[in-house]
Amino acid sequence: MTQKGIWLLFLLCISVTLQARQQNGIITGQVVDSISGKPVEYATVVLMQAADRKTVAHTLTDNKGDFRFTGVAYGTYRIGITMLGYTPLLLDSLRLDAANAFHRLSPRRLSTTTQQLSAVTVTGKKPLVELQDEKLIYNVENDIDKDNSSASDIMRKIPMLTVDADGTIKLKGQTNYKVLLNGRATSIITRDPKEALKAYPASIIKKIEIITEPSAKYDAEGIGGIINIITQRQVIGYNGSLYANYNTLGRLSGGGSISARKKKVGITAYAGAHSDQSRNSNSIRRESFIPGDKGVLLQNADFKRNYNMYYGSLELTYDIDTANSITIFGNGSINDMIYRTRQNSEWSDSSGKQTQSGTNNSDAYNSGHGIGAGIDYLHKFRQQGHELTIAANLVTSYGDGYTNNSQHYVPGTDSFYRNDNLMTNRTITAQADYTLPLPHEQLLETGFKGTFQYNKNSATQEIRNKDGDMIPNPLRDNIFNSRQDVLAFYLTYRFKIGTKLSVKPGFRLEQTYQTGDFVSTQTKINTDYLSAVPTVNITWQLKPMTSLSFSYSRRLERPSVYSMNPYVNDNDPYNLYYGNPNLKPSYANSFGAYFNKIMEKITFNGGLDYTFTNNSIQNIVEVEKEKGISSTTYANIGKSSAVGVSTSMRFALTPKWNVSINGRGAYSKFSDGNTLSTSGFSGSIYLNTDYNIGHGFRADAYGYWYSGSPSVQGSSGANIGYGFTVRKDFLDGKLSTSLSADQPFRKQRPAITETIDPSFRRTFTTYFPANTYTISVSWRFGKLTTSATRNKSVVDTGM
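Heads up: the sequence shown runs through residues -20 to -1, 1 to 779, numbered per mature numbering (1 follows the signal peptide of the UniProt record, and there is no 0).
No wet-lab data here; the hints were simulated from the structure.
Any given hint might turn out to be false.
[To be verified] Beta-carbon label-pair distances, calculated as ranges:
#: 1; residue 1: 232; residue 2: 480; range: 49 to 57 Å
#: 2; residue 1: 244; residue 2: 580; range: 35 to 43 Å
#: 3; residue 1: 478; residue 2: 580; range: 26 to 34 Å
#: 4; residue 1: 580; residue 2: 724; range: 33 to 41 Å
#: 5; residue 1: 631; residue 2: 261; range: 38 to 46 Å
#: 6; residue 1: 665; residue 2: 38; range: 48 to 56 Å
#: 7; residue 1: 520; residue 2: 736; range: 43 to 51 Å
#: 8; residue 1: 339; residue 2: 726; range: 47 to 55 Å
#: 9; residue 1: 304; residue 2: 623; range: 46 to 54 Å
#: 10; residue 1: 345; residue 2: 155; range: 39 to 47 Å
#: 11; residue 1: 724; residue 2: 345; range: 30 to 38 Å
#: 12; residue 1: 31; residue 2: 592; range: 35 to 43 Å
#: 13; residue 1: 503; residue 2: 226; range: 18 to 26 Å
#: 14; residue 1: 659; residue 2: 38; range: 27 to 35 Å
[Said to hold, decoys possible] Pairs of lysine-lysine residues, derived as DSBU-like cross-links and limited to a Cα-Cα distance of at most 35 Å, are as follows:
#: 15; residue 1: 581; residue 2: 708
#: 16; residue 1: 581; residue 2: 242
#: 17; residue 1: 186; residue 2: 174
#: 18; residue 1: 186; residue 2: 44
Built from N, CA and C at the ideal position, the CB exists for glycine as well.
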């Protein structure tokens, strides 16, 4: 841009800001106690449009009981004031215009209420599922199963999410998405999202946001979208919880959380431990159709795993003054795992004659830890909603371990080798976000972000020689270093057409620099590319409790360093795995239309979505003709597309009986542009019913079915399940116990994955144990004065 153009843009911004100030007004006031006349601190003051009671802005009173709304567009408004322990107050209408641009309200007196409030909870619940702009929100705090469930368990209930038999979570059928905790990448989840979500307690989660077509304010990476887990907020006073649960498969979890705030200082902390002793088995049948090499490979394996995880988080917030606040946070996790595999193999020719058999046994130990820390700074300008946030975040993870492998094949030679692995990952993020409200409910958002990732891996191997000594085997070393830097800029602009239609277009640019040095294979990568990401969200408020939204977002999948590593993993000599250093980034275009209606006894959400890409990254399996060995790698296969329909309904059949149902169906197509072309349907249903028996007893039952999903060379496994829970509350709901049964009439849960090619067919079946019983105990405690509004800092942006 030329210097003249920069000055023109600068003058335009000044004129827009001046125009905003000329058409905006100010409202100030004070809240006091009706008896003592003393100021009431931290009362919630809500500014609403007089016509439809829609919230325009909200704030808290300061230590003098004062509140102030600045930059309020001309119009007619009402003000509501609430405070725990006081009767809510709704003020008469007032009008802002050129002649009355400043309103100084007389002190408003709050009367104490005689109603006894629960020691911990506040009534007035949101619906379990709701839509807000581009987000589908599941309010976990209103789920009666939260005290005896993990985050992974809760996600089975959320529209557009499915959970496989092994705990793999899919968003709109995709495994490529981002999981955030309070809008941030954290060490707790980054290292192993699947295991972390199994361990993470639902009782400390406030809500889970599902963003399938994110605005330009969010990172572009993640074809499926974003899952953002929001934990319980800080409160004036304190509250906390302790929990423990155990199931008959050997899973034990426990921990606690506490949140407190006094005047300018707030703290939120939680810690927990999780232990999981699991066993499963699998079988592989691979039939070769290659002329001259037809035959069948049969493999059976048993697995035993002991997994332990310890995690914790601490967040401190300090309000410097009414305009500035700072948040410092840290989190960490430690885990270790012992994994044992016993595998038998048998190869037969086309006549059924056995030509080779053998065993492949391994014993592995892995340990690691992750540490995260960061700081957020928020500055609020005088105009309501006019904000600047600056944030920095560091996430590091370390891992080390070893695997002892022994192989015995007849005919063949015996072998014994040991792999040692050391891994280091580090990610540094820095960003700044600026929000400027404009007249007539317009909003401008812009920001910058830099993400700098570094990975280092060193895997070495020793083999046993003829004399029984262990000697280095440098030919099987897997050593690499990689770095990925991403610089991003975004701009969004929201405006209204009439009173019911809101439009929010956006644009994001991400410049990626990626380097890698795969030392063991003498392969290097050095690439950079610019990604343009347009987005748009349109929301139509048909009625006060009925909305329709349309959204579009371009999404990005960057090839990971592991998918690009050409090192060949031959731990199983019949099934090899290696990466592809020639992978390119994949871009997907995602469209969605969603409908939300909340009635007195029914909440309904429905959606239609469509995603397509021309260079998606997929697994490809090939079989070598001479040896009958399968090789799995990655490739930009060509084209893929999927259209899906999702629905969510919740019925209040009686004041004590509720029924919920989620469903999704999708049709997917894949093509590599040459010989491979597949398509297929997938579907899922989740049904839940809960009943308040009375006297502190509740019962609920659930059932789910997932058909599996098609892939470029076959399909993934189906999953079906059901269960029951009985809960008893004591001490006015502060102490809760529950007993759950998961699939009590099944011994195993098989999950079948098929891979089909003109030259072979492979069926992979995993058997997971079922018939599980869980006992849970939770205790909540606290003393609240009122709720505090969490600062709108970077943690809410999802970046």
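How the hints compare with the structure:
no.: 1; hint: 232 / 480: 49 to 57 Å; verdict: holds (52 Å)
no.: 2; hint: 244 / 580: 35 to 43 Å; verdict: holds (41 Å)
no.: 3; hint: 478 / 580: 26 to 34 Å; verdict: holds (28 Å)
no.: 4; hint: 580 / 724: 33 to 41 Å; verdict: holds (36 Å)
no.: 5; hint: 631 / 261: 38 to 46 Å; verdict: holds (41 Å)
no.: 6; hint: 665 / 38: 48 to 56 Å; verdict: violated (39 Å)
no.: 7; hint: 520 / 736: 43 to 51 Å; verdict: holds (44 Å)
no.: 8; hint: 339 / 726: 47 to 55 Å; verdict: violated (30 Å)
no.: 9; hint: 304 / 623: 46 to 54 Å; verdict: holds (48 Å)
no.: 10; hint: 345 / 155: 39 to 47 Å; verdict: violated (27 Å)
no.: 11; hint: 724 / 345: 30 to 38 Å; verdict: holds (34 Å)
no.: 12; hint: 31 / 592: 35 to 43 Å; verdict: holds (41 Å)
no.: 13; hint: 503 / 226: 18 to 26 Å; verdict: violated (48 Å)
no.: 14; hint: 659 / 38: 27 to 35 Å; verdict: violated (49 Å)
no.: 15; hint: 581 / 708; verdict: holds (25 Å)
no.: 16; hint: 581 / 242; verdict: violated (38 Å)
no.: 17; hint: 186 / 174; verdict: holds (20 Å)
no.: 18; hint: 186 / 44; verdict: holds (31 Å)
In terms of the numbered hints stated before, the structure departs from hints 6, 8, 10, 13, 14 and 16, listed from lowest to highest.
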